[in-house]
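Engineer: Given these sequences and hints, build the entire structure.
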Amino acid sequence: MPAAVSSGGSFEQPDAAQDGPLSLLSPEDRELVEHLRSGDERTFLSLVEKNHRAMVRAAMGFVASEAVAEEVVQEAWVGILQGLAKFEGRCPLRAWMFRILINCAKMRGGREARSVPFSALETEDAEGERRAVESFRPPDDPRWPGHWAKGPERWADERLADAEALVRIKAEIERLPPNQRQVITLRDIEDWDSAEVCEALGISEANQRVLLHRARTKVRQALAGWAAEVTP
Amino acid sequence: MSVARPEEIACRQLVELLTEFLEGALDEPTRTRVEQHLVWCPGCTEYLRQFRATIGASRRLAEDDLPDRVKENLLDAFRHWRHGS
Amino acid sequence: MPSATGDTGAEPPMRAWKFLDPGRLAPFGGHVWPAPGNGAPGDWVEPEGGVYACRSADLPWWIRPELWEVELDPPLRTLATQISARRGRLLRRIPAWDETAIRSYGVACAERARERTVEAFLREGRQEEAEALRRTRSMLELCRVAQGLASDVRTPASNAVGYLAAAAVRAAEGWGPAAALHAADTVVVATRDPDAFAREREWQARWIIERCELSAIPVAAV
Chain A
1 MPAAVSSGGS
11 FEQPDAAQDG
21 PLSLLSPEDR
31 ELVEHLRSGD
41 ERTFLSLVEK
51 NHRAMVRAAM
61 GFVASEAVAE
71 EVVQEAWVGI
81 LQGLAKFEGR
91 CPLRAWMFRI
101 LINCAKMRGG
111 REARSVPFSA
121 LETEDAEGER
131 RAVESFRPPD
141 DPRWPGHWAK
151 GPERWADERL
161 ADAEALVRIK
171 AEIERLPPNQ
181 RQVITLRDIE
191 DWDSAEVCEA
201 LGISEANQRV
211 LLHRARTKVR
221 QALAGWAAEV
231 TP
Chain B
1001 MSVARPEEIA
1011 CRQLVELLTE
1021 FLEGALDEPT
1031 RTRVEQHLVW
1041 CPGCTEYLRQ
1051 FRATIGASRR
1061 LAEDDLPDRV
1071 KENLLDAFRH
1081 WRHGS
Chain C
2001 MPSATGDTGA
2011 EPPMRAWKFL
2021 DPGRLAPFGG
2031 HVWPAPGNGA
2041 PGDWVEPEGG
2051 VYACRSADLP
2061 WWIRPELWEV
2071 ELDPPLRTLA
2081 TQISARRGRL
2091 LRRIPAWDET
2101 AIRSYGVACA
2111 ERARERTVEA
2121 FLREGRQEEA
2131 EALRRTRSML
2141 ELCRVAQGLA
2151 SDVRTPASNA
2161 VGYLAAAAVR
2171 AAEGWGPAAA
2181 LHAADTVVVA
2191 TRDPDAFARE
2201 REWQARWIIE
2211 RCELSAIPVA
2221 AV
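Protein chains in written order, with the working numbering: chain A, 1 to 232; chain B, 1001 to 1085; chain C, 2001 to 2222.
Some hints could be false.
Here are some, though not all, of the chain B residues that point toward chain A, as calculated from beta-carbon distances under 10 Å [said to hold, decoys possible]:
hint	residue
1	Ser1002
2	Val1015
3	Thr1019
4	Glu1020
5	Glu1028
6	Arg1031
7	Cys1044
8	Tyr1047
9	Arg1049
10	Arg1079
11	Arg1082
Taking lysine-lysine pairs in the BS3-like style, the calculated list, with each CA pair at most 25 Å apart, reads [stated by the list, open to error]:
hint	chain 1	residue 1	chain 2	residue 2
12	A	Lys86	A	Lys50
13	B	Lys1071	A	Lys106
14	A	Lys150	A	Lys50
15	A	Lys50	A	Lys106
16	A	Lys50	B	Lys1071
17	B	Lys1071	A	Lys150
Since the hints were made in silico from the structure, they are not lab data. Where a beta carbon is used, it is the ideal one built from N, C-alpha and C, also for glycine.
Structural biologist: What follows is the structure, encoded as structure tokens:
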């Protein structure tokens, strides 16, 4: 798990002592950069593979489709490689990579006349057929306003261990609005911490938490009907 | 006429606070209210269990699914860059 | 116990109660408290958010499957329903607190709520309903009868009996804390007295203390 980074503001470190370039980077990052600069294909592919899904998801917040997002990711890699020689290591490698990616995504999104501020990208959910399995009592209930009317049915533990659970989670994440999909992918799948996500996507902690919560709530709900079924 | 006490929280409010709760982002009074509610409420206890289980399961989706076509394109770009610089 | 504040500023640790999940698991912090052994207390645990524990009066708020006597390292912070310190350690488990005790606790709370509800029906001149409630022989039966009487909330007795039904069903399921909460609500509504909630919590605390014979051990005062 990547080390936690202090919240608020950029990752840039103040001017360090002249220990040489890349001295501020973690040992892992420094090794990655050195291998890349020396043209090591294996390092490059490994980095690509580890970050591919996260990069596509991050790009999808700004462009119209996954296909375009894939193109943006490839463009970003070109930019990353070209910028490698000048990379000073004042911030972690991944943060720098994602900044380049987001810039590409924004420019690409802009070119397609889709320059919408991030917070306004909350698209309408295309649901309605999925009915909630649980419900709350109304605010004017005489005894228990806001309490469970029909509470969540207990999940069988083995359900979540099933491969089918992952299929359903993945499907529900695909259905999320792009900004919720970005955040839940980076936080819950890729295991980034919240400061890294805020930095990469340029959003506040509060905003990030709201998006994450909505996304998680929907995914849980999508699992609820299936996970509660008792196999005979 | 309900006995709703201001220092208590209803289930509907609690489920909205769970992400903040799990991150330790709630102030102490609110967190205490959430915890006290979880002591007695079977519905919210189960909901939190499910919420956590969902997060845990999502983590298992982290596998490298790089399409071959993309891999080829990027390798090309890499070799191109390597020979150019 | 006299406090020994010397030049080192050392104060003796304070004793208190702590509920944990099975396996000495902190219910919300998620960390495990080290077990005591060979007559010695468990190792100090110092989680990031601090440790929390109960004075005697706080017990009903925090019920979990395991009850332990703990030591907290001063300085202590006093909150509404708990005390907090930077670190704490386990002294001994209270064996009398188990699933059976939790279930009995719930039943005792529901029974008490039933008495207050019966009294409320009698005050309203509703002998039949009072008798129907009195006659039930199990928590499930009490729930069924109470539920049948709970269709409106217009009088204290009618309102209270709805909470009583909830207390009874939770007591039947063994959900002690839920039964206790609904039972306290029943009494508030049956007696039309908001102060009744605090009094019921005090009664519930005393029930736990007596059941587990906790009064013999001095703990941090309220």
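Engineer: When you check the alpha-carbon spacing of A:Lys50 and B:Lys1071, does it fall within 25 Å?
Structural biologist: holds, 12 Å
Engineer: Hint check: A:Lys150 vs A:Lys50, CA-CA at most 25 Å. Holds or violated?
Structural biologist: violated, 42 Å
Engineer: Assess, step by step, whether the Cα of B:Lys1071 is no farther than 25 Å from the Cα of A:Lys106, and give holds or violated.
Structural biologist: holds, 23 Å
Engineer: Can the hint on B:Ser1002 be confirmed by a CB-to-CB distance to chain A that is less than 10 Å?
Structural biologist: holds, 5 Å
Engineer: If you take the shortest Cβ to Cβ gap from B:Arg1079 to chain A, is it below 10 Å?
Structural biologist: holds, 8 Å
Engineer: Hinted pair, alpha-carbon criterion (25 Å max): B:Lys1071, A:Lys150. Please report holds or violated.
Structural biologist: violated, 49 Å
Engineer: Is the interface hint for B:Arg1049 satisfied, with its Cβ closer than 10 Å to some Cβ of chain A?
Structural biologist: holds, 8 Å
Engineer: For the pair supplied as a hint, A:Lys50 and A:Lys106, is the alpha-carbon distance within the 25 Å limit?
Structural biologist: With a Cα-Cα distance of about 22 Å, the restraint between A:Lys50 and A:Lys106 holds, given a limit of 25 Å.
Engineer: Have a go at the B:Arg1031 hint: is there a Cβ in chain A nearer than 10 Å to its own Cβ?
Structural biologist: Violated, about 15 Å.
Engineer: CA of A:Lys86 to CA of A:Lys50, is that 25 Å or under?
Structural biologist: holds, 23 Å
Engineer: Taking the closest Cβ pair, is B:Glu1020 under 10 Å from chain A?
Structural biologist: holds, 6 Å
Engineer: Is the interface hint satisfied for B:Thr1019? The criterion is a beta-carbon contact with chain A at less than 10 Å.
Structural biologist: holds, 4 Å
Checked against the numbered hints above, the structure violates hints 5, 6, 14, 17; every other hint is satisfied.
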